[in-house]
Amino acid sequence: MRVTPLRSGTQFSFDVLAGALTGREAANASGTFHFSGNPGGEIHLRDGGVVCAQSAGSPGPDALLLRTGRISESEWAAALATGTRGGIGATELHVVAMMAAHDAAFTIAAGDVDDCAFIPEAPGVAFAMSVPIDPVQLLRETSRRITSLLAMEHPLRPHRDRLTSTRGSRLRVLSPLRAEILSHATGGPTARDIAFASGRGVYPVTVEASRMAADGLLTVVTDTSPPSPELGVDIPLPRSLRSRPRLDPDEEKP
Numbered sequence: 014m015r016v017t018p019l020r021s022g023t024q025f026s027f028d029v030l031a032g033a034l035t036g037r038e039a040a041n042a043s044g045t046f047h048f049s050g051n052p053g054g055e056i057h058l059r060d061g062g063v064v065c066a067q068s069a070g071s072p073g074p075d076a077l078l079l080r081t082g083r084i085s086e087s088e089w090a091a092a093l094a095t096g097t098r099g100g101i102g103a104t105e106l107h108v109v110a111m112m113a114a115h116d117a118a119f120t121i122a123a124g125d126v127d128d129c130a131f132i133p134e135a136p137g138v139a140f141a142m143s144v145p146i147d148p149v150q151l152l153r154e155t156s157r158r159i160t161s162l163l164a165m166e167h168p169l170r171p172h173r174d175r176l177t178s179t180r181g182s183r184l185r186v187l188s189p190l191r192a193e194i195l196s197h198a199t200g201g202p203t204a205r206d207i208a209f210a211s212g213r214g215v216y217p218v219t220v221e222a223s224r225m226a227a228d229g230l231l232t233v234v235t236d237t238s239p240p241s242p243e244l245g246v247d248i249p250l251p252r253s254l255r256s257r258p259r260l261d262p263d264e265e266k267p
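In our numbering, the protein residues as written are 14 to 267.
The set of hints was computed from the structure by calculation and includes no laboratory data. Be a bit skeptical, because a hint or two may be false.
What the hints assert, rightly or not - Listed next, with one range per pair, are the computed distances between beta-carbon atoms: (1) 131 - 80: 29 to 35 Å; (2) 28 - 147: 16 to 22 Å; (3) 199 - 145: 38 to 44 Å; (4) 166 - 49: 28 to 34 Å; (5) 85 - 131: 36 to 42 Å; (6) 137 - 185: 43 to 49 Å; (7) 212 - 184: 25 to 31 Å.
Positions of the beta carbon are idealized from the N, C-alpha and C atoms, including for glycine.
Please put together the full structure from these sequences, using the hints given.
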């Protein structure tokens, strides 16, 4: 089975992300970094802290929240219209917003970034974290996720590798997550597409799909474009951040 690694642009994309969030422009600033590319995204700052990160390539906090079944789509739409939380606690909203922010940052870095622009304005987002997170914390977690993915036996490109099930894969006893991924792997969807269809984060879906590829449950639909060059197994932090300890890969994440 031929599995194409993440594009070599991942290193450049992460460097752009890290340079923006640790640069002079971001210090104590309020505004939005716009990262154009595939899929690109936005990171919103308030007084230098990250209050929201979003990308067209990853499900937002609303999709993650709706998947829990704690609130219906109509109830959530009404809650947004009235400025209420629709019965969802502030802590739960913050956790879901933080999960979506980490997933969006990973999605931006795992794709291609063409350009970055900062617009100094108060971030107007519908679903912001109640407590901003340190940009360095966001970068460390993004670095950890990309490094962990690249260290796998068959790392998949979340936005490019189209997945299909292998013969006999549906005869095996599968976990609910694997069964859901398999049900969507029909030859056209990527890990990103499956994440949207299932209301899950792009990173956990990509990691599990990569494991399934290694286990012979999934295969990548042959791409006619030339294969991308191999990447190293690590995506380093900028030099200014390397003195800070990395997160423990075994540490539990939200």
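Quick rundown of the hints versus the structure:
Remark: the range hint 29 to 35 Å for residue 131 to residue 80 is upheld by a beta-carbon distance near 32 Å. Range check, residue 28 to residue 147: about 19 Å between beta-carbon atoms, so the 16 to 22 Å window is met. A C-beta distance of roughly 40 Å is found between residue 199 and residue 145, which places it inside the suggested range of 38 to 44 Å. Checked against the given bound of 28 to 34 Å, the beta carbons of residue 166 and residue 49, roughly 33 Å apart, stay inside it.
In this structure, residue 85 and residue 131 meet the distance hint of 36 to 42 Å, their C-beta atoms being roughly 37 Å apart. Our hint of 43 to 49 Å for residue 137 and residue 185 holds, since their Cβ atoms are close to 47 Å apart. With their beta carbons about 27 Å apart, residue 212 and residue 184 fall inside the hinted range of 25 to 31 Å.
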